[in-house]
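All chains should be built: construct the whole structure from the sequences, respecting the hints.
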Amino acid sequence: MSGYYTPEEAQDVFLKANEAYAREDYAAAQTGYEKLLSNGHGGADVLYNLGTTHLARGDLGRAVLFLEQAKKEGVRAPDLEANLSVARARQVDKVVGATAEEEFLPRVAAATDGAVVAWTFLGTWVAAFALLILWRALRPGRRTAVGVVAALLFAVAIPSGLLLATHAWVDETVHEAVVLAPTLVARELPQPGARSIFEVHAGLKVRLLEETGRFVRIRLPNGLEGWAEREGVAEI
Amino acid sequence: MRRTGSARGVVLAVLALLATMPAWANDDIDFYQTADRTEVGSDDTFRLTVVVVDPPSDAQVKLPESEDFEVLSSSRGSQRSISLSGGGPAVIQDVTRYVLVMRATRAGRLKIPPAELTARGKTYRTQPVEIAVRTGRLGAPSGQSSRGSQLPDPFANTPSTRPDPLADELEEDEPTIPRGDSDLFLRASLDRDDVYVGEQVTLSLYIYSRVDLSSVDSVTMPKLEGFWTEEVESPTQLSGEQKIVDGVPYRAYLLRRRAIFPVRPGALSITPAEADITTGFLFAGHRVHRVSNALKVKVKALPPGAPAGMSNAHVGNWRLSMDVSQTRVELGQPVTVKVILEGVGNVKNVTPPKLTGPAALKIYDPTTTDKVAPQRNRVQGRRVVEYLVMPQRTGTFTLPALEFPYFDPRLESYEVARTDPVTITVEAGAGGVSALPASPSQVADAANEQKNVLTAGGLRPVRYQARFVAPSEPPWRRAFFVPAVLAPVGLLLGLALIGGVRGRLATRTEADRGRQQAKAARRRLAEAEKLQGGANVGAFYGEVEKALHGFLEARLGMPVGGLTREVLAERLTHAGADAERRSRVLFVLEACDIGRYGGGGNPAERQKVMDAAAAAMEGWA
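For the protein sequence lines, the chains are Z and D, in the order given. To convert, count from 1 in the first sequence and add 19; that's our numbering. To convert, count from 1 in the second sequence and add 652; that's our numbering.
Be a bit skeptical, because a hint or two may be false.
Claimed, not checked - Within a straight-line C-alpha distance of at most 27 Å, the following computed DSSO-like cross-link-like pairs (lysine-lysine) qualify:
| # | chain 1 | residue 1 | chain 2 | residue 2 |
| --- | --- | --- | --- | --- |
| 1 | Z | 113 | D | 1006 |
| 2 | D | 990 | Z | 113 |
| 3 | Z | 113 | D | 875 |
Stated by the list, open to error - Rough simulated footprint, nothing fancy, chain Z against chain D, three-plus residues with beta-carbon under 8 Å:
| # | segment |
| --- | --- |
| 4 | 981-992 |
| 5 | 1138-1144 |
Rather than coming from a laboratory, the hints here were simulated on the basis of the structure. Backbone N, C-alpha and C fix where the C-beta goes; we use that ideal spot for every residue, glycine too.
Below, the structure is given as structure tokens:
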């Protein structure tokens, strides 16, 4: 954590931003929360407050972006879900059509906690090897119990390792983003003059597929794809 | 193409003929013709039956031809009957009938010329038949069903007690065969032509054909001005069904079927449809253009006395319901309210009643979804309007009942579909809601004295406690993680490697060890050589002795320190050392004992001992 603010100073900035929000001075509230974030005093609570402030200001794109970031960082909370619902209700785009089936691995990753999986794997993996070394050192008569425990640890370590690999793969390859631009044109090719396929508006959650120059290829929840300008979206 | 006539008509004609035996029957061959009607319309068809009884084998029949009549269909049938009476010989009679479906080309009293029969060198003629033709359509002859397309029903007299399950099925009007292209024509029809505004009329477009069709291209549907339309059926493949039109069999192919809803009263016209039709197969086929008939619909205005909120599109039979996701919510938690209108009618043009509520319940703009599922060509389905309702205060609030007035054309009366009011209880969230100062604009409903009004239009408030954390990286991305995962594997491999080396070392041969010891002994002898010229004579001899002992231990595989000279000589002999080597060894050991304890010797003596020791070691592999 950055040493720019002491914990007391950070709390003070946070409270002042809250007070600004309460008196509907959303610009001041936003500045306060952003200061905390830029100086390493982030977290789900600050992101939630910043997203809520943007929502109150009517900046739907950044509201969804920070609320989704808060959701990604912390546990699911009713206030977060409620404000996200409000943001979705205000979105211009209602994506229609058959919802593209989410791939299996992203669904698995979404259903499990990556940190828990990582620590479980590391713990059981190291312990299992330690017991394996102990097993080699022991005389044959005393090996049984150590061997059984080592096998059990491996039985946990291997699936959790596969799950960890899934998380790592999804973290590396699946990139979700939120449309920030009021109107973002998706084109057929990554060129400014290419034919426009569709338009999306601020607040819509999309998937980033690839990047070329200043264009990114986005995919809508219903599977529609197109090239849009990089500045128009922000990764969650 | 073979054309067949109606058997029922033939039977009727024969019975009529037998009842009044014509006076013009020839003497030896019964040959006559008769029509099933004496008065027809110019658009009606009638049947002319030409009968020959017991024709000779060489009989040739020439059917009547006239420009006043067109023959739409002709068929020929033969019948043989055997009758026995009074014990006499059996009487066998052959009857041949020609049935022509005809239509007059003009009005007036027209005469069907006689048919001719040539046999045995003679020509027989029937009497001509006179028909009174009036302009237009007179309908079917008496005693015959008005729907001439129906085939004879063998169970017509069987009383039926079962209700007709298809009573609601559309009944299309009977087509007429157009003049000029009776083999292939396009026909548009309506299931009804006298309806109320907003009531469904079903428009069907058929091809009637007596030739083989291969494809239908570029169908142009009528311009349906004054109608709201909905596709009901649009076959992708031609599939024909047998139909009898004015006694003439056709295959009828449905091209399109549309539900049309008139939007204004009056006499509305439907222009003809057009289609390009390809007949025949492969190279024998050719393309023809056909235009259907135009249609008219008489549209009645809805009767007076309509309830408030009634619209011309609200015609049919409707049910209204309201689906609320939850009736007890926490403050700031959204509620989904669905207003569902379902029934028979123009689903996509009805407008469900708008949901309203108290100021404490903020109602966002709705989304509308339709599900249209036509059944038996009747458009029906459901229209769902979904609202997001966000409570702004705690308390108990009521969404009022909704009403949807509509006109039921079957009952010819106005009806109203209703829902019950819905009560929503809004509770304070578990610690999530604070009593924040509210601006006057937000407190629109002064009647409600609740203080905990949310800011920012129904948003959950910001959090007042924060746990500050730096942007976190997933554990597997931290620097230690991968080494920590690989370390146990590396450690295990290292241990395995060490074990392998140790094992290998353990399995080294005694000979190797001996060679090493011998090598060490030689090195020691080289050290002794350095001491040869020194003042410490004892050290020199001690070193030589140690070198030789080491060498002998390496070669004999046993310690030699405590052995007597005799025992050592025996061991050397046993180890294969020759006499000369044995004597050298014993000499060196003896000289070393003397040199160490006896005060030394001259340098020449030491050199001699050195040479003897080297000679004892050399050449003993």
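Quiz item: Going back to the hint list, which numbers does this structure go against?
Solution: 3
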